[in-house]
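Q: Those protein sequence lines, which keep their order, are chains E and D.
Under our numbering, the residues of the first sequence are numbered 545 to 850, in order.
Under our numbering, the residues of the second sequence are numbered 1490 to 1659, in order.
Source of the hints: derived by calculation from the structure; they are not laboratory data.
Among these hints, one or two may not hold up.
Which bits of chain E does chain D cover? Going by a derived footprint, with three or more residues having C-beta under 8 Å, they are [as the list claims (entries may be wrong)]:
#	segment
1	703-709
2	747-754
Not everything, but these chain D residues come out facing chain E in the computed CB check (under 10 Å) [what the hints assert, rightly or not]:
#	residue
3	L1518
4	S1577
5	L1580
6	L1584
7	V1632
Yeah, the Cβ is synthetic: ideal placement off N, Cα and C, and Gly gets one too.
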Amino acid sequence: MAKRPGSFSSVAQPVRSLWSRFAFATLIAAAFALMLLGKADVLLVERARIVVLDTLAPVIEVASRPAEAVTDVLNNIRDLRYLRAENARLTIENDRLDRWQHVARRLEAENRALRALTNFVPPRDIDFASARVIADGGGAFVRSVMITAGRRHGVTLGNAAVSGEGLVGGIVEVGEEYSRVLLITDLNSQIPVVVERTRDPAVLAGDNTRAPRLVYLPQNAQVVPGDRVVTSGHGGVFPAGLAVGMVTAITDGAIRVTPFVDWERLEYVRLLRTGTEGVVQPESANLPPFSVMGQETTTRTRGILP
Amino acid sequence: MMRPTATQRLDLWIRQSAPMVLTAILAVLSVITIGIPGYAAVVPGYTAMATFYWAVFRPDLQPASALFLIGILQDILTGTPLGLTAVSLLLLHALALSQRRALVTKPFLLTWLGFVVIQLPISIFAWLMMSVLQFRLIGPEPVLFQYLVTVLGFPVVAWIFVRIHRYVVR
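Construct the complete structure from the given sequences, taking the supplied hints into account.
A: Structure representation (structure tokens):
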């Protein structure tokens, strides 16, 4: 650094040092004030966050492209190594899925017949939007991702985000073009679920580890490792029946669920635009995202919608 | 002494603002996804490394106000409570500055050791603050992992800082 010329510096130095100390203390105090303000859930803080997020998201989106290319290359190399094994596995799986398809079609037909018999009112179908994951809010304290869909695409607070494998999380910040998804592993994530086999209701509470805990289970619940856990739809925010994860560890302290989502390869998510009141957009109501069989179900939904 | 021309001044200004611009870029980079298993959970604290490096070697180019803004930026990007990273970076800056004399002329190994020691209370502080803000004690494992990754990754990142320090900032 170039020394400033002249005798002014001898006077200015102590003053400046005093000033810098004062400024430092002010900044620390300001940061603490912001923390409190944010904790008090002031709308202003939320707004400010969203504005900054919306402005910076395009930058991140551009910056994430090269990172994505690197990831792709890495994945390609990995895939090449296992190509033969993968092929064999897929052939077997395809066989198995063919049998499942057969079962599913039969069950679906049976289901339809039974519904017709009992005048069952089905849950309304859900409209969805797809978005790309551009940033992974890393760090030690928060599990969240930023995605390329916002208010303009009909996303609202609380919408569920799912990947091909299962539930990813819920929308917690909505910008104009971008929003933030709080992952189900986050400390602040609590999702009403049921154990699929026993129908025991519970809450899936994240704790920033990779396997969230199952809490508030009924006293007499009989949960064993391997049980699938799905959303219960209680509270009306998330639709019922979304796959969440599998019970993998039961210790005396906690029952842990390993989510189905492959966090390392989370590139795209689907947002279920249920809105807070679960309203359906009629124009795309014929694209139910969670039906077992693709084409056939469209006729069903058209027939039953009120 | 001759008055520097406009281009010279611009050149100097760009060189001198390089450290803070770099730290800001690192704040953005720390949210970019890379498909390494478990990476997101243990993203190293790039901004902490940068803050420590510049606090030790060029504190005059690291104004507290810029550090504050970068901390806020990172808080917004990662979704941590607003102000948490800002306080952490400022405290790290102040701590490193107070030990600067002991660190600046020493071989790199000792500087690294300095970072290992100084970053520890900062990480513990951040963990405690987060626990207070959540009204419950959060699991210490993620913070511990992040601390380890950050201090172990420091030499690699510092190597880049040394290059920038030498050829860009001067």
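Q: Hint compliance check: list the failing hint numbers for this structure, sorted ascending.
A: 1 and 6
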